[in-house]
Amino acid sequence: MNEIFEIFSAVVGTFVLGAFSILFGLSVKGIDRKISARMQWRIGSPLRQPFRDVRKLLLKESVLPKNAVSWIYNSSPVISLASLLTILLFIPIGSIPALLGGSGDIIVVLYLLIIPSIAIIIGGYSSGSPFSSVGAQREMVLLISYELPLAMVIFTLAWRLNILYPSYSALSFETFQKFPIWNSVSFLGFIGAGIFLIVILLVTTAELAKVPFDIPEAETEIAEGVYVEYSGRNYAMFYLADAVKIVVLSAIIIAIFFPYNLSPLLSQYYPVAPWLGYTIDILFFMFKTIIIAIIAMTFLRTSLARLKIDQIVKVYWFHLFTASLIAMILIALDTMGVF
Amino acid sequence: MKIKKVFDKSLWVFHVNTGSCNGCDIEILAALTPRYDAERFGVHLVGTPRHADVLLVTGPVTRDMEEKLKRIYEQTPAPKVVIAVGTCGVSGGVFYESYNLVGPIDRVIPVDIYVPGCPPRPEAIIDAFVKAWLKLEKLRGEGGDDGGS
Ligand code: SF4
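Chains as they are written, first to last, in this note's numbering: chain Z, 1 to 339; chain F, 1 to 149.
These are calculated hints, taken from the structure and not from any lab test. Watch out, some of these pointers could steer you wrong.
Only some residues are given here: those of chain Z computed to face chain F with a beta carbon under 7 Å [what the hints assert, rightly or not]:
(1) Glu3
(2) Gln40
(3) Arg42
(4) Ile43
(5) Arg52
(6) Phe179
(7) Ala223
All values reported here derive from a predicted model rather than from experimental measurement. The beta carbon of each residue, even a glycine, is placed where N, CA and C say it ideally should be.
One chain only, chain Z, in its complex shape (with noise of 0.2 Å):
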């Protein structure tokens, strides 16, 4: 009976999480748009216009070019989305744990940040199209510059967690949960762990593929590239599987380095109910899936203009190597004990 109810939860779970992020990811896409717009001193389009985009393009024609492979084509979208849903599972959102976390899940979390890569990349090849091959390309050339430093980033802070409390499980978003990281380090560490989050933010802008990285969608240069072939049902489920990413690359970025919650702080001074505590951690909780948004998207989109695809290669295998490779000698001697 208790394994039926926990498979049924997990379930409805779920679902439930599906249709959180994508809604919610389409508003964070319009607030994106609209803080964009202010800050070219426009109106700009209204909160609900990635709402209106989706709904039209649903309505749409799905074309399917004459030279693409069928099967890859159409399966790729869904492919895309479906991973992303899966990392939520693994995340913790405000004060609710993962649904399937546990001991190691941060691994099986950074190998499911690739698959959208990939399945776009494989879209792009199978469309048939010169113009998304090349995209398909640029796509690869991205992914293969920000692994590294994304890797070096997670690894070492799970490393330095695990060597202060080896009784925890290693490498899961739990531990990182209960021990903030800023709290667990000394003064070098903690300037180590604050290189590693402008890292990862900048990491986060090529993920997602925006402008000042956006070689593979480069719209002027080879029009929406790896999207070129796309239409109708098949491009909304990129469009969804896009909101969807801001937040859950947003979630990795909080569970890593800002697990806070308002609802202990709040039970200090008066007591709150349970489902007050949870309402309030995951409304806190899309409060920094905002602000982290706008920091690692919108500014930098609407500020920089693109980089060329050796420059992107150098920034992420040059400079933010570089960083990180001090980052992570910074926390190694705090490891050591030298201050």
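Go by the hints and put chain F with the ligand onto chain Z.
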């Protein structure tokens, strides 16, 4: 004019230049700049005809562009609307008798909305977007198909 059941106020626009003098194209860009800000109405410039609801075609169609214009029209998924921007596209304008032209745009692809002017003002182009909403709304009511893709 009352816009009640519009095409969800989300128009994605693809811009085709079929040999215009660039005057109309600059006015189209002006309609998207912060001063006129057509994005308020959900107008969004896209880079591929596959994402477009509206084709903004400028210029008299030169012989070189005839086939390409037809292909771009066919690549756009239904329901779609074509707006001819500028006197050149509407009637041929000053280039009417040139040996190098196929003729106005509606000799090559069906045009729904004509915006005359050399070049038309950005307000006129935004007005054409409003007319495109109504047209798309009507197409959707009829099953959302205007002659294949
Ligand atoms: S209508 Fe006038 S401005 Fe527009 S393309 Fe023709 S000549 Fe140029």
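For each hint, the structure was consulted:
no.	hint	result
1	Glu3	violated (45 Å)
2	Gln40	holds (5 Å)
3	Arg42	holds (4 Å)
4	Ile43	holds (5 Å)
5	Arg52	holds (4 Å)
6	Phe179	violated (45 Å)
7	Ala223	holds (5 Å)
When each numbered hint is compared with the structure, violations occur for hints 1, 6.
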